[in-house]
Every structure is written in structure tokens, then in C-alpha cells.
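Using the sequences and the hints given, assemble the complete structure.
So for the sequence shown, my numbering puts the first residue at 1; every next one is plus one.
FYI, nobody ran anything at the bench for these hints, they're computed from the structure.
Accuracy of the hints is not assured; some may be wrong.
Capping the alpha-carbon separation at 25 Å, the derived lysine-lysine pairs in DSS-like fashion look like this [unchecked claim]:
#1 K96 <-> K106
#2 K21 <-> K39
#3 K21 <-> K105
#4 K96 <-> K84
#5 K21 <-> K106
Computed spacing ranges between beta-carbons, pair by pair [claimed, not checked]:
#6 V90 <-> H5: 18 to 28 Å
#7 I115 <-> V22: 18 to 28 Å
#8 S20 <-> F73: 40 to 50 Å
#9 V28 <-> L55: 23 to 33 Å
For glycine and all other residues, C-beta sits at the position ideal for the given N, C-alpha and C.
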Amino acid sequence: MTNHHLQIIHARSMQQANESKVFLQQAVDETNANLTREKRFFFADPNIAAEHSALTDDPYVFGINLHMSPQDFIATERLISCTKARCTGVDFEICKRASIGHPNKKGAIAYAEAIYPFL
1 MTNHHLQIIH ARSMQQANES KVFLQQAVDE TNANLTREKR FFFADPNIAA
51 EHSALTDDPY VFGINLHMSP QDFIATERLI SCTKARCTGV DFEICKRASI
101 GHPNKKGAIA YAEAIYPFL
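Rendered as C-alpha cells:
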């Protein structure tokens with residue numbers, strides 16, 4: 001991947017992150033508005049900033065290596081599971097890389113810190 005491709009990926013990722021926050025908060029607000037009691041749902045935003053996105057030097061989410069292998073620590077086990085599930089073609093390729101965009105250890109801590117105040 002070239003730097004140009006990484007910039008495109010970054011821009012699209014930031015757009016998805018920003019729009020997701022807006023729509024998730026909207027869904028929470030609409031759900032709470034239909035309740036007869038106090039608010040029961042909350043949106044816990046981990047605020048994972050651009051400097052901690054995938055493909056950075058300090059990611060909070062799993063990315064993908066330049067040779068297209070996933071970066072998570074259970075990739076080998078997941079490959080076995082994908083094979084056992086008889087995934088084929090594109091489904092197999094997606095299955096192998098299912099960790100992309102999901103929180104790594106630092107990201108999980110950010111999520112926990114965002115959720116804790118609502119408990």
C-alpha cells in the first residue's frame with residue numbers, strides 16, 4: 001500500500017467513525033425517548049483519536065499488515081475456525097481478517113473507561 005492509499009483509508013475511516021457516533025447517539029436518544037421511566041441506554045464513546053486508529057504507530061484497534069495478514073494475537077486460531085466452518089472464497093478471506101477494526105488491548109481499556117461512568 002502506498003501513502004496515498006493509506007490516506008484514503010484514513011479519511012474513510014474517520015468519516016465512518018464520525019457518522020457512527022452521530023447515529024449511535026441518535027438511536028440511544030430515540031430509544032430513551034420512548035421509555036416511560038428514566039433513561040436506560042447510554043452511548044459510551046471511547047474517543048479513539050486519529051493517532052490511535054489502525055495503521056498508526058500506536059493503534060487502539062487491530063489493523064492489517066502490508067502483506068494482508070491480520071494483526072491480532074488469535075489469527076492462527078481463527079484461521080482454524082474459518083476452515084472448520086467451511087468458509088470459502090470471499091467469506092474465507094473476510095473470516096481470516098475478522099479482527100480488523102476491533103479493539104486491541106489499549107482499545108479495550110479505552111472502551112472500559114468510557115463505559116465505567118455509566119455503571
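Hints, one by one, checked against the model:
Note on K96 and K106: the hinted pairing holds, with a Cα-Cα distance of about 22 Å set against a maximum of 25 Å. As the CA atoms of K21 and K39 are separated by approximately 18 Å, the hinted pair is consistent with the 25 Å bound. At most 25 Å may separate the alpha-carbon atoms for a hinted pair to count; K21 and K105 meet this at roughly 21 Å. As the CA atoms of K96 and K84 are separated by approximately 12 Å, the hinted pair is consistent with the 25 Å bound.
Of the pairs offered as hints, the one joining K21 and K106 holds, with about 20 Å between alpha carbons and a cut-off of 25 Å not exceeded. Checked against the given bound of 18 to 28 Å, the beta carbons of V90 and H5, roughly 20 Å apart, stay inside it. Take I115 and V22: their Cβ atoms lie about 19 Å apart, and the range 18 to 28 Å holds. At about 25 Å, the beta-carbon gap between S20 and F73 misses the expected band of 40 to 50 Å.
Look at V28 against L55: about 29 Å separates their beta carbons, and that is inside 23 to 33 Å.
When each numbered hint is compared with the structure, a violation occurs for hint 8 only.
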